[in-house]
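Throw the hints in and build the complete structure from the sequences for me.
So the protein sequences, as listed, match chains A and B. For the first sequence, our numbering assigns the number 1 to the initial residue and increments by one for each residue that follows. For the second sequence, our numbering assigns the number 272 to the initial residue and increments by one for each residue that follows.
If you're looking for bench data, these hints aren't it; they were derived computationally from the structure. Honestly, I wouldn't trust all of these hints.
[Said to hold, decoys possible] Calculated pairs, DMTMM-like style, for lysine to aspartate or glutamate (alpha carbon to alpha carbon, straight line, at most 20 Å):
1) A:Lys11 - B:Glu297
2) B:Lys332 - B:Asp345
3) A:Lys162 - B:Glu297
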Amino acid sequence: MSQVLVVTSGKGGVGKTTSTAALGAALAHDGAKVVVIDFDVGLRNLDLVLGAERRVVFDLINVISGVAKLPQALIRDKRLENLFLLPASQTRDKDALSEDGVAKVIEELRTKFDWIICDSPAGIERGATLAMRYADAAIIVTNPEVSSVRDSDRIIGLLDSKTVKAERGERVDKHLLITRYDSSRAARGEMMSIDDVLEILSTPLLGIIPESEEVLRASNVGSPVTLNNALSAPARAYFDAARRLKGEEIPMLVPSKGYRFLNKLFGRKAA
Amino acid sequence: MSLFDFFRRSSAPIARERLQVLLAHERIARSKPDLLGLLREEILAVIARHVSFEPDKVQIKLDRGVSVSTLEVDIEIPSGLPAT
Chain A
1 MSQVLVVTSG
11 KGGVGKTTST
21 AALGAALAHD
31 GAKVVVIDFD
41 VGLRNLDLVL
51 GAERRVVFDL
61 INVISGVAKL
71 PQALIRDKRL
81 ENLFLLPASQ
91 TRDKDALSED
101 GVAKVIEELR
111 TKFDWIICDS
121 PAGIERGATL
131 AMRYADAAII
141 VTNPEVSSVR
151 DSDRIIGLLD
161 SKTVKAERGE
171 RVDKHLLITR
181 YDSSRAARGE
191 MMSIDDVLEI
201 LSTPLLGIIP
211 ESEEVLRASN
221 VGSPVTLNNA
231 LSAPARAYFD
241 AARRLKGEEI
251 PMLVPSKGYR
261 FLNKLFGRKA
271 A
Chain B
272 MSLFDFFRRS
282 SAPIARERLQ
292 VLLAHERIAR
302 SKPDLLGLLR
312 EEILAVIARH
322 VSFEPDKVQI
332 KLDRGVSVST
342 LEVDIEIPSG
352 LPAT
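Structure, rendered in structure tokens:
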């Protein structure tokens, strides 16, 4: 059974594309067949983060408009043979992204992949609502910061009302992924803690990704952080999150900076 | 550590409280129309039916709190007498 996931947040710059790439690579690394789709029409970047920017020929809108067949537009990752990318178009015409077109593409992908991960653009406009439209589950990427948490709350409201599942009276499974977390600042009361964010958003926690230099280092070279340095703190946190997505029970660690090796065991149950 | 540092350091609880108040209101606003906004519009409509006032002489202040919110509508109504 294939799972359609949307990686969303409302606010921009919180780590949706980084997380899509990292989780997609982690799931593919563990053997699943994964496709990541960039829904950010006009401002695609998932290709760049995955290091596939020079191999883009066709895109999502070409497939929807019939210019290209789906297999022609899918780009196979150079490192993982079961990881694929469906890039966004660079066209400025966002209306080219039609609801029926997206539905057809996702239906076709469901027959070929275990995981279909939709990387949502920021905001709540067409691209973002279509990215979540057909999702079975959602990953809400949040920074422990007021504007990000507020926007996540708004997105959670949309997931509960504007998705196909919600309209059928079912629920989209929601998972909170807290990124750019700095445990030492949280301990000093300079940053909201994991508990603060969970209490406000009351959404199950999928993982805690620490603030880390490794994330920028990986995107600089066009590699998901989970492949670029699999032993780094953010990579391990993403691998754990990917396993929780598959239903495994993994203890939730609050990652700290690399040189502080003591991870505090939290004992909270995973999402 | 100075007193300034002490206050600066515990900003996270302020963030949490501000969000809790804000989101409580925004969640209600999503499920039903904004009561205070509705009141503001209807109050202004009723007054406009009886007296004419200049829209820029209307001051509206809104403060959303946890248990109580206030809507303050301050309208300058011309008395009809020539200005002295």
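**Study point:** Structure versus earlier hints - violations, ascending order
**Key:** none
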